[in-house]
Amino acid sequence: MLYDVIIIGAGVSGSAIARELSRYEANVCVLEKCEDVCEGTSKANSAIVHAGFDAAAGSLMAKLNVRGNEMMDDLCRDLDIPFKRNGSMVVCIHKEALDGLKDLYDRGVTNGVKGLKILTREEALEMEPNLSDNVEGALYAPTGGIICPFKLCIAMAENANVNGVDFRFNTQVENITSDENGLWHIRTNNGEYVSRYVVNAAGVHSGEIHNMVSKADDKIEIIPRRGDYCLLDKEVGNHVSHTIFPQPTNLGKGVLVSPTVHGNLIVGPTAIDIENKEGTNTTAEGINDLIAKANDHVKNLPMRKVITSFAGLRAHEARHEFIIGEVDGAPHFIDCAAIESPGLTSSPAIGEMVGNMLKDMMGLSAKANWISTRKDVMNPENLTIEERNELIKKNPAYGNIICRCESISEGEILDAIHRPLGARSLDGVKRRTRAGMGRCQAGFCSPKTMEILHRELGLPYEEITKSGGRSNIVLERTKNQKGGNQ
Amino acid sequence: MTNYDIVIVGGGPAGLAAAVSARKAGVDKILILERDKELGGILNQCIHNGFGLHTFKEELTGPEYAYRFMEQVFDMKIEYKLNTMVMDISEDRVVTAMSREDGMYQIKAGAVILAMGCRERPRGALNIPGYRPAGIFSAGTAQRLVNIEGYMPGREVVILGSGDIGLIMARRMTLEGAKVKVVAELMPYSGGLKRNIVQCLDDFGIPLKLSHTVVDIEGKEHLTAVTIAAVDNKGKPIPGTEERYTCDTLLLSCGLIPENELSRNAGVEMSPITSGPIVNESLETNIPGVFACGNVLHVHDLVDYVSEEASRAGENAAKFINGQLSESKGDEIEIIATDGARYTVPSTIDVGRMDDKLTVRFRVGAVYKDSYVSVYFDDERVMHNKKRIMAPGEMEQVILLKDKLAEKPGLKKITVKIEAE
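Keeping their order, the protein sequence lines are chains V and L. Numbering of the first sequence is given in this note's numbering, commencing with residue 1283 and proceeding in unit increments. Numbering of the second sequence is given in this note's numbering, commencing with residue 4 and proceeding in unit increments.
These are computed hints drawn from the structure, not numbers from a lab.
Which bits of chain L does chain V cover? Going by a derived footprint, with three or more residues having C-beta under 8 angstroms, they are: (1) 79–91; (2) 105–113.
Computed footprint of chain L on chain V, listed as stretches where at least three residues anywhere in the stretch have a Cβ under 8 angstroms from a Cβ of chain L: (3) 1586–1593; (4) 1661–1674; (5) 1717–1727.
Cβ atoms here follow ideal geometry from the backbone N, Cα and C, with glycine treated the same way.
Same shape as in the complex, but just chain V (with noise of 0.2 angstroms):
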């Protein structure tokens, strides 16, 4: 089949452009080598929606950030995903460094930034009394937010899906060609595909895909910039209630402290450069110097209350910019590379202009019938016993708790998986649902989910993964029971 447009990598960027296109007529196909969406840098970063007074004044990166923020009411509402604006607060704890918070004021105002305000040292206690006694004074973003990164990328994924983008998954690019007719041949581990239009979203590795169709002096590098996180039990999900930051440096932001939209409390990032483009794994010396640091600006932090550490890698270039523009040279090859962070915030605002963008080249016609809303999976636990009761006499699975940490029950888990661009692991059906995403972090549950996905989707257990690829939960029968199958 030809496409019209194939987009490289199911990540929250490649999911936002793959729902903008699915508003026109077109053929699109998403290719992604993981075996569900969000699997790279979408799933494993701070999960904040950035106000953007960080950004370098007059960047793409400030443009889309802002732009991005804005959008996000809208879409999470059209989407039903949760999205809280908490506000956020960066903290000055040394005197000397209280010019640096007028500096990002202005910037933030450049950017068109709303509401900003620089607070002293009472007014920022005030309002979140766990800063540290060092506090001077701090920066107060009012349109910053929280949200969940899985659900953002899931949700516009899905939405695409509806709307008849093809997404491929367990396919990897090996090689881009294109023929005399301007055509692009993709091969993959999966087969070759076809298509007039390509656009590179491949996080971590766009670098690599850029190359394969750039010329010999322009080569971009993706340096993987590992951040360390720790996520904190629920109980301890109030510790703060704003999105605390310490003052950027040149490696970024620094280290949040900041709840979640889910309740939790999130403490990350480190920002160590590494060469492995699947590095993520966690260091001691990681976890040690995130503590350290989110405590200069956050006093107590309980981090005995830690439910589980990770590690994401930012795409990060040389330039600290987004590059997003047809590759010169390789005429109908976008790029949509090097978006590190804020590109979970700007992943709307990028979808936005790689769509007009193509829309524009290719001539492309709105379709009538586009579907711009979805459902999420139910959240049952808003409910009045009342309303839960008749959900559970319309569908007992709903009256079935599989996650006692989180109170996820069958019926969700089973939507999970039935659904558009449904769960086949473990993990998709954690981050559809949070089922294992609690203290307990799956060790109740994840025997029941397995039991489910067998029965659900034919899987033999030996088959069912964690996260696809090799991932296999358990290895073969025990001895006894081999023998009593025989």
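With chain V's structure known, arrange chain L on it following the hints.
Frame of chain V, contents of chain L only:
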């Protein structure tokens, strides 16, 4: 809303024993709520023997031990609901539960017995650096996969932590044909029972490395290797002592945490040491009519002690609903654990409400050889028992007699401590 005299949250060994004793004490309307598809709790996956030596004077497997109590529950026609999750317990003892069949419903309980058991500390809470691949399990989850579901997680195993489930699983995985390469324990002593170290590790030639921990986990998709290092006396890894083990399975047996989310939401006061409710001599929490027993109260070493403790909780809950548990007059004696004794259960005694004999259980914080368990009534030493060995993995106890306490009106505090001589 339906009414029950006693609602028991959890149908494991604690819940079952509490139900049986409450019925023997004459309570009519008892309801056990169990989230699993059968009664017995975690004992159902403990298919090894060694249970019941104290209670039944014979060695039973976990399911057999549970069945001894289940039979009584069946014979006494005690009501129970399976596949039922308790969602909430309120301070005025309204229990909200949910299941496929019954939907969400509320029960007004005369008394509530908390018997939810405990859960395992997961990898995340241990901050072990490295990748997060498949192949890492808490020992109990692996035990469920092997013994209940009938699947092997892998063939080459490293175990971190020497809690009893980890030790039992070392033997179980070996018997299933896997190679258990090493058990690493952060502390300078094992967290498990001596008999399990002998029967599950020594008998199979599995090395136990004390004062060691996992410092790296390799494998992007599936576990391929772990690195173990020795730790100093602060638990920090010592550079240069790293040893790499290729493996496809890492089991964690690094401690059990009483499962008290429901208790906390109800307003039950917690001990930071045990992570379980603070209870008085009647195993009653700060909320009148709410009792706790078994591993939700404090993690036990032997199920026999769980059953015994739960029987007392059942009896006391029966007294409570019959109005026989006199109001506390506010002159409780405080029990203080110090000098090596980490905590006691109970932590207060009302002499007027206590039985003739009261077993006070506790654990020590380190290994003690040829030391004494001492009990002081205020400043007077009244008990001084020599013990050849005491270890954190095994529970200790002292027995207090009502007669003796009655001889000391005005007694304010009882102290339990470990003394060298």
